[in-house]
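Make the full structure from the sequences, and use the hints.
Under our numbering, residue 158 is the last one in the sequence shown; the count climbs by one each step, no gaps.
Derived by calculation from the structure, the hints in this document are not laboratory data. Bear in mind that the values here come from a model prediction, so they are computed numbers and not experimental data. Careful: at least some of the hints might be erroneous.
Cross-link-like lysine-lysine pairs, in silico, DSS-like; alpha carbons within 25 Å at most [said to hold, decoys possible]: (1) LYS111 to LYS83; (2) LYS5 to LYS111; (3) LYS15 to LYS111; (4) LYS110 to LYS5; (5) LYS133 to LYS110; (6) LYS83 to LYS158; (7) LYS133 to LYS16; (8) LYS110 to LYS158; (9) LYS15 to LYS78; (10) LYS158 to LYS74; (11) LYS111 to LYS16; (12) LYS5 to LYS15; (13) LYS16 to LYS74; (14) LYS5 to LYS16; (15) LYS111 to LYS133; (16) LYS74 to LYS15.
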Amino acid sequence: MAEEKTNVMRLLDQKKVPYTPHHYASPDGAVDGVTVAGLIGRAPEQVFKTLVTCAPSGAHYVFVVPVLRELDLKAAAKAVGEKSIAMLRQAELLPLTGYVHGGCSPLGMKKQFRTVLDASAQNLETMVVSAGKIGAQVELPPAELARLARAQFAPVAK
Numbered sequence: 001m002a003e004e005k006t007n008v009m010r011l012l013d014q015k016k017v018p019y020t021p022h023h024y025a026s027p028d029g030a031v032d033g034v035t036v037a038g039l040i041g042r043a044p045e046q047v048f049k050t051l052v053t054c055a056p057s058g059a060h061y062v063f064v065v066p067v068l069r070e071l072d073l074k075a076a077a078k079a080v081g082e083k084s085i086a087m088l089r090q091a092e093l094l095p096l097t098g099y100v101h102g103g104c105s106p107l108g109m110k111k112q113f114r115t116v117l118d119a120s121a122q123n124l125e126t127m128v129v130s131a132g133k134i135g136a137q138v139e140l141p142p143a144e145l146a147r148l149a150r151a152q153f154a155p156v157a158k
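Put into structure tokens, the structure is as follows:
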């Protein structure tokens, strides 16, 4: 059975960005990033999660951090020039981004939000992020992800 292409994969194809698709079984829904790393045979340091935040200004921001680490809210706010930011409520994720919790990708959201990749990604040859649905990931060079997502690099993980 051929694995289905996600919108993220179609976007990468359209932009002629080389990537490696990874699919994994998730019978119980979303699994944590460390488990995903094991299921696709990649080091956890190479696998990143996509987090969506909101600021008191009403602006939304996307942060991509290693699955082994957490988003440093103070560093993240500083990186985007806000006094503070907070994690988006899970119920708001799908209507805002078009993605479900556990399948959120920094690419292909309903709207382009300012995106920050943790600076640790710059040291990697490739990084793995969600392909836009639970059970699918894409592996690509960090510079390509930054270019497509119009993202900046900053130290935002702790």
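How the hints compare with the structure:
| no. | hint | result |
| --- | --- | --- |
| 1 | LYS111 to LYS83 | holds, 23 Å |
| 2 | LYS5 to LYS111 | holds, 21 Å |
| 3 | LYS15 to LYS111 | holds, 18 Å |
| 4 | LYS110 to LYS5 | holds, 18 Å |
| 5 | LYS133 to LYS110 | holds, 14 Å |
| 6 | LYS83 to LYS158 | holds, 18 Å |
| 7 | LYS133 to LYS16 | holds, 21 Å |
| 8 | LYS110 to LYS158 | violated, 28 Å |
| 9 | LYS15 to LYS78 | violated, 31 Å |
| 10 | LYS158 to LYS74 | holds, 10 Å |
| 11 | LYS111 to LYS16 | holds, 21 Å |
| 12 | LYS5 to LYS15 | holds, 15 Å |
| 13 | LYS16 to LYS74 | violated, 36 Å |
| 14 | LYS5 to LYS16 | holds, 15 Å |
| 15 | LYS111 to LYS133 | holds, 17 Å |
| 16 | LYS74 to LYS15 | violated, 34 Å |
In summary, the numbered hints that this structure violates are 8, 9, 13 and 16.
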